[in-house]
Amino acid sequence: MTPARTLDVSGLPDYEISSRAPLWLGQLLMACIEGSLFCALIAMYFYLRLSIDIWPPSGIEPPRLTMPSLALIPLILSAAGSYVASEGAKQNNTRKMVVGLAANVLLALFFLALRFLEWRTFNFTWQTDIHGTLVWTILFLHTFDVIADLLMTVILISIIAFGKHGPQQRLGVHVDSVVWYFLVLIWIPLYVTIYWGPHLVGSR
Amino acid sequence: MTSTQVSEETNRQALERTWASPRGLLGWLSMATHQAIGRRYIFTAFFFLLVGGVEALMMRMQLAKPDNTFLGPARYNQIFTMHGTTMMFLFAVPVMEGMAIYLVPLMVGTRNVAFPRLNAFGYWMYLFGGIFLYAMAFTAAAPDAGWFAYPPLAGPQFSPGKGVDTWAQMITYTEISALCVAVELIATILRMRVPGMALNRIPLYCWSMLIQSFMVVFAMPAVMVASTVMLLNDRTIGTHFVNPWEGGDPLLYQHVFRFFGHPEVYIIFIPALGFVSSILEVNSRRPIFGYPAVVLSQVATGFIAFGLWVHHMFATGLPQIGEAYFTAASMMIAVTSGIQIFCWLATLWSGRLRMTSAMYFVFGFVFIFVLGGMTGVMLASIPLDLQSHDTYFVVAHFHYVLIGGALFPLFGAFHHWFPKITGRMLNERMGKISFWLLFIGFNVTFFPMHILGLNGMTRRIYTYPAELGWGDANLIATCGAFVIAVGGLVFIANAAATLRRPADAEADPWNGSTLEWATSSPPPPYNFAYPPVVSSLTPMWTDPQLRTVVTGMNTDRREVLITGVTEGEPQFRTVLPGPSIWPFISALGIGIGFAGSVFAFSWYFVASALGTIGMVGWFWPRSSGRLKS
Chain A
1386 MTPARTLDVS GLPDYEISSR APLWLGQLLM ACIEGSLFCA LIAMYFYLRL SIDIWPPSGI
1446 EPPRLTMPSL ALIPLILSAA GSYVASEGAK QNNTRKMVVG LAANVLLALF FLALRFLEWR
1506 TFNFTWQTDI HGTLVWTILF LHTFDVIADL LMTVILISII AFGKHGPQQR LGVHVDSVVW
1566 YFLVLIWIPL YVTIYWGPHL VGSR
Chain B
78 MTSTQVSEET NRQALERTWA SPRGLLGWLS MATHQAIGRR YIFTAFFFLL VGGVEALMMR
138 MQLAKPDNTF LGPARYNQIF TMHGTTMMFL FAVPVMEGMA IYLVPLMVGT RNVAFPRLNA
198 FGYWMYLFGG IFLYAMAFTA AAPDAGWFAY PPLAGPQFSP GKGVDTWAQM ITYTEISALC
258 VAVELIATIL RMRVPGMALN RIPLYCWSML IQSFMVVFAM PAVMVASTVM LLNDRTIGTH
318 FVNPWEGGDP LLYQHVFRFF GHPEVYIIFI PALGFVSSIL EVNSRRPIFG YPAVVLSQVA
378 TGFIAFGLWV HHMFATGLPQ IGEAYFTAAS MMIAVTSGIQ IFCWLATLWS GRLRMTSAMY
438 FVFGFVFIFV LGGMTGVMLA SIPLDLQSHD TYFVVAHFHY VLIGGALFPL FGAFHHWFPK
498 ITGRMLNERM GKISFWLLFI GFNVTFFPMH ILGLNGMTRR IYTYPAELGW GDANLIATCG
558 AFVIAVGGLV FIANAAATLR RPADAEADPW NGSTLEWATS SPPPPYNFAY PPVVSSLTPM
618 WTDPQLRTVV TGMNTDRREV LITGVTEGEP QFRTVLPGPS IWPFISALGI GIGFAGSVFA
678 FSWYFVASAL GTIGMVGWFW PRSSGRLKS
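As given, the protein sequences belong to chains A and B, one line each in that order. Using this note's numbering, the first residue of the first sequence is number 1386, and each one after it goes up by one. Using this note's numbering, the first residue of the second sequence is number 78, and each one after it goes up by one.
In case anyone wonders, no lab produced these hints; they're calculated from the structure. Careful, some of the hints might be misleading.
As the list claims (entries may be wrong) - Mimicking SDA-like on lysine to any residue, the simulated pairs with C-alpha atoms at most 20 Å apart in a straight line are:
hint, chain 1, residue 1, chain 2, residue 2
1, A, Lys1481, A, Ile1540
2, A, Lys1549, B, Gly694
3, A, Lys1549, B, Ile569
4, A, Lys1475, A, Ser1403
Remember, predicted model here, so these are calculated numbers, not experimental data.
Generate coordinates for the entire structure from the input sequences, incorporating the hints supplied.
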């Protein structure tokens, strides 16, 4: 039997597109998981780097700084696209969502293109030595995450472009920005590690 | 019927329709209620417990007498590796996750976990990981380098074949599963509690799962780095993480693995503390003594657990000053466990005890765990650890803490919540008989191992000569193992016989304190016709006249209430996704790709492609059950 005392919640909103949604929290936790993984890799890089006198080993060119440093510009700008899209999701503004996500994807593709160009200049692979193993592992895992998120973003764009979106998909756009901010932010320490690591700690 | 009764009946029928699971095989594969997924986790994990138990018996039979030839050395290596792997990755963690998936939504008074499809996906990943390991093991690729697979032994040079690769990739499946559960439990506990359940009114079991889930989030990625990134890639694509000739370091593997491996012990143990608190509270018939102290000491345990890992590596020659820190931390964690033990003792002291079989298991836990904790404090001391490292003293220690600290509370929990999950009361007499058999069998098996270890018997040896004089103690241990097996059979017989009887459990057979007892046994798929509002830590013990319920939720879609993190004030309603076949398809695709990756790296791209297809199906919007803007 219903007790006499009741708390009527029918007046509360049907949904909320904000950081109070459980999905937002879930996405943040997924970022923590990925973040712990990358932090472990950074710790491993310096643990191994400090145990070796010559880094990278002789005959191996350290990764060059110019291209990856320039690539930071489109990457950081792409976060602005994510921001526009997530604001559009909150306001239910389809145009803002599509434009923001498209900007996010295009700038990220530009970043990836620079990254692939840069890879061709490496004179080592993951099989060369431990330095190569670490650099390629970090690059592979981050690239894999970026591509996975871009695929999901493209799918989101098509859902919205077909007009099939409701509040749940708008929430999807909002939390997609959390993933993207994470991938942009985590790249900065990873970039410092693999490109500045050979210069910062110890000397050649 | 009065008009209230009519409207209640309509409400109930509407909820039944909305929360019903589809029928048929496809429906079974699509189910996403927390009850169904929780039951599957528990059942699958108990199956693996049996398998791991049979492996343990085989080892005990081999060691029963000197120079025995029941198992050869190679087979013995495979069996102890499979035993440890099965118990840690396929039983202990998944069974704790399964219990939580079932109990947490009921205890916080909501209708499902926050991400029901992710929950289903996690279960399938776990199941496929278990199938993958055993399918490979039976087709001549059984891992044989121990449950932690340290290189260089587990490296490409000394462990050829696919056994270690199988082990390493099985970790990926089960850790993905555990991470999915951790994320959804945190979101459920922080955002989906009933109105009024402020942080200081969260049931202790939910606190323990919240802490455990955060530990999973930060610890489990490390094991994936160790097993999948370092070990597997070194073995399959020629990276050099653990290869000292190219600058790698086998010791780094130990660091990364143990950065997971030590929190892992607490990932298994902290949920068990939650069981103990719940069972003690209900059967002492008083609120648990020192609730804030218990919560805070569990939080402290969660933090300190990340600062202990080097105590597994005292024998590796690390700098003494660093090791000293880990000794201090290892002793400090005994303080936080001690605080909880004293709070429970105070609860028992001032309560009116009811000795159910669940309580027997709790008392068994206190006895065994305290003994295991004492050898733990001993092993934290470096000189003693150096002497007993890799001996049966350590084997005895960790079985005392893991079986005493996790398995006994789990069995207690099983007896305590069996009526809630199945609607049937277990036979108390049989429960107590199985307790005594397990308790006596356990001590007969593992206590002699302390002495064997101090006498120098190292772990993982497949036999020993008679002149060493270890025969008697080993024979006693083997006899004990068979007593445990009989205890296990009584336990299974009790459950099986009970399941054949008609349902007889009331909603609240133990006069429980928390919300899972507020609904029928077993609960309907929507858990509560009207979610309760709580005003105390023990809502079932407050005056029924003062009870309040939530009304005004839509019943034509899977709606749940979202509340504030700290105060539990209602904020908004939201709709949870319903059953879907796509989590199964995604897990199957990813599972196939992971299995292939043991043979060639390119199978990761197969996993990615199939996973993407599965997830597009998963996320593609459908018209039914959708919210309108």
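Verification of the supplied hints:
no., hint, result
1, A/Lys1481 / A/Ile1540, "holds, 16 Å"
2, A/Lys1549 / B/Gly694, "holds, 14 Å"
3, A/Lys1549 / B/Ile569, "violated, 51 Å"
4, A/Lys1475 / A/Ser1403, "holds, 7 Å"
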